[in-house]
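Quick note on the numbering used here: the sequence shown kicks off at 58 and runs consecutively.
Quick caveat, the hints were computed from the structure, so don't treat them as lab data. A couple of the hints might just be wrong.
So the derived label-pair ranges between C-beta atoms look like this [as the list claims (entries may be wrong)]:
| # | residue 1 | residue 2 | range |
| --- | --- | --- | --- |
| 1 | 197 | 234 | 33 to 43 Å |
| 2 | 237 | 98 | 23 to 33 Å |
| 3 | 233 | 204 | 17 to 27 Å |
Just so it is clear, CB atoms sit at the ideal spot from N, CA and C, and this is done for glycine as well.
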Amino acid sequence: MTAARLDESAVVARLRAAGCVFAEDEARLLMDAAATPAGIAALVDRRVAGFPLEHVLGWVEFCGLRIAVDPGVFVPRRRTEVLVREAVALARPGAVVVDLCCGSGALGVALASAVAAVELHAADLDPAAVACAARNVAAVGGHVYAGDLFDALPPSLRSRIDLLLANVPYVPSGGIGSMPREAREHEPRGALDGGRDGLDVARRVAAEAPAWLSARGSLLFEVGESQAPAAVDVVARSGLRARVVTDEDLGATVVVGTLASDAD
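Take these sequences, add in the hints, and give me the full structure.
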């Protein structure tokens, strides 16, 4: 057995002892990310200490793309690819797209990579997220703003947004403590905590969305399966036509609210 293989075995053993379910896969990624044994050891130490793998590597694979994710920035989940998939199905070339609560900007970047000539705007309240998203979004010619939800956006976007992707937090406040340690300790609370029932931010977004959407524009956001009926009511109360998209394989539930035109 080669020295490299011995090193990999040792890395796998450390990761497995720390509770990493996919220790073999993580070991290969960590070893590929560093050029020296000391560099590998430093990365493994951070992972064993509980940092999310994506923060250790500095990137996450999302919709087939490598998206930069800085320490302290929300890590986009695989299930959220369903939201992007639905948005791509609704999009047309040249669509005006806003990625609200953008975190790393992954949702907007993925959509802009799949649809031609998208005009992409992204916004987040967290300075670390804004800095991270700025690098990712620049690659597809987008713009990033800092601020609280719609307050961050230029007024010129009113009534122009074709697709509003809102990666709102939806974990009820009482459920944060049961989340994995790496999420609780290393991702911003504001990107996780959706208030008492998990829908506080969704309500704020839905209430203002009609003023920002274009004719037949759509709002898309993710919720937990049990929250879907309440989320549909939230969207309907804002004057949007609501429907739910689910993917059992990925455990995803996406609510879509579309602005009805006068002709509908």
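Q) Within 17 to 27 Å or not, the Cβ separation of residue 233 and residue 204? A) holds (24 Å)
Per the hint of 33 to 43 Å, is the separation of the Cβ atoms of residue 197 and residue 234 within bounds?
-> Given about 37 Å between the Cβ atoms, the range holds.
**Report entry** Cβ distance range 23 to 33 Å for residue 237 and residue 98, holds or violated
**Finding:** The hint (23 to 33 Å, Cβ to Cβ) holds, given that residue 237 and residue 98 are roughly 24 Å apart.
Checked against the numbered hints given earlier, this structure breaks none of them.
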